[in-house]
Amino acid sequence: MNVSIGGVAHSYGELRTIESLDLEVAADGVVGLVGPSGCGKSTLLELICGLQEPDAGTIAVGGAGGAEERLASCAYMPQRDELLPWYSAIDNAALALRNQGQGRAQARRGAAELFDRFGLAGFEEKAPGELSGGMRQRVAFLRTLVSGKPVLALDEPFAALDAITRAEMQEWLAAALQADPRTVVLVTHDVEEALYLADHVAVLSARPARIVASFETPAPRAPDRDAAVTDPGFVAARERALRALHEGAR
Amino acid sequence: MKRWLYPLALLAALIGLWQLAASTGFMADVMNLPDFLVPSPAEIANSLWDERTLLLEYGWVTLQEIVLGFLLAIVVGVAFAVTMHFSRTIRLAAYPLVVASQTIPIVVISPILVIWFGFGLTPKLLIIALICFFPVTVATVDGLRSVDPAAIKLMRTLYASRVQIFWRVEAPAALPAFFSGARIAVAIAPIGAVFAEWVGANEGLGRLIFIGTANYQVDLTFAAVFVLSLIAIALYALVAIAERRIVSWR
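Protein chains in written order, with this note's numbering: chain V, 1 to 250; chain Z, 251 to 500.
Just so you know, these hints were derived from the structure itself, not from any lab. The beta-carbon is built from N, C-alpha and C at its ideal position, and this holds for glycine as well. A hint or two may mislead.
What the hints assert, rightly or not - These stretches of chain Z come out as covered by chain V in the derived footprint (C-beta under 8 Å, 3 or more residues):
#1 395-404
#2 417-426
What the hints assert, rightly or not - Just a few of them, taken from the derived set where beta-carbon distance is under 10 Å, the chain Z residues facing chain V:
#3 N282
#4 Q314
#5 A344
#6 L408
#7 Y409
#8 Q414
#9 V497
#10 S498
#11 W499
#12 R500
Said to hold, decoys possible - Distance windows between CB atoms, simulated:
#13 L270(Z) to E130(V): 52 to 62 Å
#14 A26(V) to A329(Z): 44 to 54 Å
#15 D224(V) to I340(Z): 29 to 39 Å
#16 E125(V) to A292(Z): 55 to 65 Å
#17 G65(V) to D398(Z): 27 to 37 Å
#18 A127(V) to D398(Z): 16 to 26 Å
Please model the complete structure; the sequences and the hints are all you need to start from.
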């Protein structure tokens, strides 16, 4: 399902967060949005998900433009994992199924399948507090996958992790999206993460956000991350993105 | 040494000192009072034993008042907190009044309640519930509002209805705060019970304390206070145990 954003503007009262922004995300494509902190990236995700309405412009998800229709197609993964401590890992992952009216046992069965496929087997009954940061993010990501929604809005999913775990998680997410392709809008402040995970990167300016650079990435989601990110083509793309980022931050 | 042994040892030492000071007549001399007005712990224990039937009977009356009044406050307080949580209008209108109502001393209105409802159980329940209502309501309102807004946005994209968000996210999140309020409420409920019985009652520990002091039976008064303390400590412990069992993720 594609996402199409045209001339979107948004503000919180006097504070203009987004200004005349255009963005196209192809069905099952992954777009990485990089920009300085507080530039309105998270707001953009909420707009796409139908959690807010823009002041001007149009946002269509799979051709439908209403907030309710967008909400029906998009799953949101916030910056913090927001796992509920009163539920086990699998009950957290199964929340979307429970909310749709499935019984607990049935919902757990639905989520258990993904636990096996994505390397979380054996962690089903763990409380969120017993999981490492990386594991928590995996459960949080599965929770959005289980929703079965075609569009995923990921808000700096790995920002809180240390560098090594983050690299592992990027490889894991790349493999997960290979196995279960979705349309993804990934917000991050990590240029390398965007270039590695996305097939298209858009660089945003400081507030009010607009797109200052936009390009295809050299080797999206290559299986060997270490090789991919040290490839000359990747390094050149990173330089380009970083310069655009500094340019736009002014 | 176990942790609970420390306060127990201190308590034993204090009672020992009191016994010594009272049985030698030292305390009465210092206070310039006749001996019978300054009973020793042993004399109070005697009185506890001699008046055990009366103390049990009156203790039972007071216990019922405290438990029922406390439960009434819980039910009404939680219902009120949830109503204020769901309706901004009601919250804006009622919350300042709830806070302001705390400035009215119960002392002032309890005689009115006795005039209206007589010497039976009703005015006592109302007085206790009025005292317990405030900490329960305010703590629960705060608890319900403590949820990270991102968690609610996340739930909305996972198909959750408003009611599902309440039961799966807000209500569990509010439980620790609710129990903090309940613990305060159960600790002050015995004060309310004694006060209610002073204003108008034929039986109960508060009534006994009133009669004991009026007749200079200080040992009987102390015995009644002792039973009342046991009730208060036991109820507090019950609430704390319930909290530990229900809020198991903490």
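Verification of the supplied hints:
no.	hint	result
1	395-404	holds (count 5)
2	417-426	holds (count 3)
3	N282	violated, 60 Å
4	Q314	violated, 33 Å
5	A344	violated, 28 Å
6	L408	holds, 4 Å
7	Y409	holds, 4 Å
8	Q414	holds, 5 Å
9	V497	holds, 8 Å
10	S498	holds, 8 Å
11	W499	holds, 4 Å
12	R500	holds, 8 Å
13	L270(Z) to E130(V): 52 to 62 Å	holds, 54 Å
14	A26(V) to A329(Z): 44 to 54 Å	holds, 51 Å
15	D224(V) to I340(Z): 29 to 39 Å	violated, 59 Å
16	E125(V) to A292(Z): 55 to 65 Å	holds, 56 Å
17	G65(V) to D398(Z): 27 to 37 Å	holds, 29 Å
18	A127(V) to D398(Z): 16 to 26 Å	holds, 18 Å
Comparing the model with each numbered hint stated earlier shows that hints 3, 4, 5 and 15 do not hold.
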